[in-house]
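Chemist: Spelled out, the chains give:
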Amino acid sequence: MAGIVIGGVQKRFGDFQALRGVSLAVAPGEFVALVGPSGCGKTTLMRIVAGIERQDAGTIGIGGRDVGGLRAADRDVAMVFQSYALYPHLTVAENIAVPLTMRRLSAWQRLPLLGRFWPGARAARAAIAADAAQAARSLGLGAMLDRRPAQLSGGQRQRVALARAIVRSPRAFLMDEPLSNLDAALRVQTRREIVEIHRRVGATTLYVTHDQSEALTMADRVAVMLAGEILQVDSPARIYADPADLRVASFIGSPRINTLAAALRQDGAVTVAGTPMGLRASGEAGEATLALRPEDVRLDAHGPLAVQAEHLEFLGESTLLHARHAVLGTPIALRLPPGAAAPEGTFRLGFAPQRALVFGPDGRRRAAQALEAAHV
Amino acid sequence: MSETMALARPRLGAGGEALAGLMLCLPATLAYLLLLLLPTLAAVLLAFTDYELGAPALAWIGLGNFEELLGDQGFRIALRNTLVYVSIVAPVSIAGALALALLIEAAARGRALFRAVFFLPVVSLPVAMATAWQYLLHPTIGPVNAVLAQFGVAGPAWLTSSDTVLLSLAFIGIWEAIGFNLVLFLAGLTAIPRELHQAAEVDGVTSAWERFRLVTWPLLGPTTLFVVTITMIRAVRVFDSVAVLTQGGPNRASEVLLYTMYTEGFTFFRLGYSAAITLVFLAIVLALMLLQTKVLDKRVHYG
Amino acid sequence: MRLLFLAALGLLFLMPYLWMISASLKPLDEIFRASLDLWPEGGGTLRNYARVLEHVPVLQYLWNGVVVCAGILFFQLLFAVPAGYAIAKLHFPGRDLLFGAVMLGLLVPYHVPALPLYVGFSALGMLNTYAALIAPSVISVFAIFLFRQFFKSLPDELIHAARIDGMGELSIVWRVILPNALPAATAFAIFSVVAHWNDLFWPLIVVSGADRATPALGVLTFRSEEAGDDFGALMAASVIMTAPLVLAFLLAQRRFVEGIATTGLKG
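Residue numbers (my numbering), protein chains in the order written: chain A, 1280 to 1655; chain B, 8 to 310; chain C, 8 to 274.
No false leads were slipped in.
Straight-line Cα separation of at most 30 Å, DSS-like style, residue types lysine-lysine; simulated pairs:
#, chain 1, residue 1, chain 2, residue 2
1, C, K159, B, K301
2, C, K96, C, K159
3, B, K301, C, K96
4, B, K305, C, K159
It is worth saying that the hints were derived from the structure and are not from the lab.
Note that the coordinates shown come from a computational prediction; the quantities given were computed from them, not determined experimentally.
Extracted from the complex, chain A is given alone in its bound form:
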């Protein structure tokens, strides 16, 4: 078991700065999800960790050793590709055996035809086949050892890719959007299975995804990446409830967090369209942004926000009410509990001040606290 330490990695493709000095540490045995929209550089970062691509600057350490100069083959990591990258001409068993064959057999033993007669080759090959079969069985592929990838369903191919990764107990797992080619139901199931494997094997895992729900449900810690930078690394709960940056708050959470243009008065009070919000925030006075999760907003006849109803969106377990701020015109969404009557026309909204998030004009989080008896 080994941790991964990424230090100040930069990468540029032509004029495009893909990575702007990214640092991230994954502790031994930890599962870290790297989440961000497509094109944010997360896959590039993973390929650099794997050794498929070279960074322009910065260091990669695996297990306390600088592997920056090593080839992918010598880094002893396993990678699950988005397309699975199974060898189409090899059977399931042979696919899973490839990493073992490459590591345990000598070049002579790997020779076509002749290699089989090299001393020790027979025993080594038998051991490899047994290990591969063992890995396949642990993922429920025991009955499919002799099939080719083209004869498998998407979910089965995905498991073969996983089996090929776990078969040699690598120092770290790298997974590049491994679930994005599966249908929704299978994705949820496989999500659980990967977490299960991680728990069982306990291997250090770096998991790249654009799907925040994958990141939040699977990972010990989530790293949010945008435009070639990691903005925050934290536990899923804190990433959601305690985002350090407005972009993180906006990216994480579905439906999206409500953002309202706000102002910070000299005394620290937060106002929206001149109305005090019952909050005090730290930092310089001036422009700010007030962000509220839809589930933290509620109907409140005495609430500080006057809004105009727009339309309802029925989600099953709840209903989303879309409204607009009466003065600013900014959209605000809130979750109505099932069965709640939907208001019409103009009405008022309130929120729990301890859950409100305030961000400065630079997008950084400002500490905020509720003002006692600040209700207007």
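Position chains B and C relative to chain A; hints supplied.
Modeler: Frame of chain A, contents of chains B and C only:
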């Protein structure tokens, strides 16, 4: 179903579509019957007759032409020469093209330039290039022997000695075929997903040879099979260089199937006999295609 | 290393061209001295070219080549595009039979029907005509197959939308299918022109004399009848006849390579 069909074809019923389909195919069908099917069948029938151009009548002689072929020294030589030619040109031009393709694909620099250079013979008039080769290989004034003379070697009379003529023709054939094969291999190489090479790297593959064995060669299988078939078929069809440079000589040392067919048919006007040679040629081509589709295809497609 | 090796090999590949051009610029006595200098002494002479242009109807050959290639291509497309479209997208009785016939036709090299076709043209008194040069190639089963594959990959919605917009079947072919067939047609055109410009077999059979000779036949005739061992003139003629297609290739390399690769791989 019927409702959507009605929506999809507002102007035409099924009858109108059928009519349109038939009309659109009519010109091609007529041309096909008249210019391809009919003459081909006629050629097959001709092979069983003693027809000679200008002869007043023709007689059905069954397998007579084929019996004559079996005893015909000239035909036997032509068949043997063709097979020798194919068995030199095909392996060398295929292996050479594959090696070149791997080299060219290995890095971005010079890719377009080299591809163009090696492809040039494919678009060059073969008759003209054969003439150029004749000059290059000329025993006394040709640059090739002039270079050999610098090293104190007396070069042979490449195209006029029965020992070297087939080899020389095969060399020209390789020169012509390699660019075509190269382009096909390059197309096949770009079709291999890059992730597969990367997966191999992560799986512990370090040497170029191992990467070739694990990924490139198996995934290039369909391309290679196609290149093998088409190269052999094109080589069986060798005609231009023989017609220009040697006319089958000296002493029949470069007689090949199509050239024999040509001389029998259009110089001696023994059309029946010539048609029989054509059928042998057709049988070889068909056998090669059969080999591709029935036998080898299953080995290179991993579905 | 890689570049060096490729460059050396590439140079070797270009040798025939270099020597061909070099010899075409040398006076005969210099050629016969078998010197290894690529560069002609005294900067070379254009006399070989003058002699070729004087004695050989070069322009006639080139023009014949253009007429034959254009004629063949025109009819090939005229027959193959509608048929390929109909087989790919329309339902009509006999469609599968037609496609079977196309696949069967792919198996037959064009040398096979050559004998009876020659007899036919000879009987009709049509030897030495453009028609005899063009007609046997106007039906290309390969073209039908290629266009069928290509149209098969176009979405059905495109055609359905055109029908809903009120187009008849023929105007669908003309306004929707043809513009969309352009990439496939370009690839096929390159394949077809290269094949027929370079073909020797069929012109050799049906044409004698200069009037209708194609470039390939022209070089052959010049070689066997007039030039003999006059390599200077022979090389000059070869350069002239090879140049058009080679220049076209150099101007549109990517298209040529892609055209040959796509038609090659589907064939």
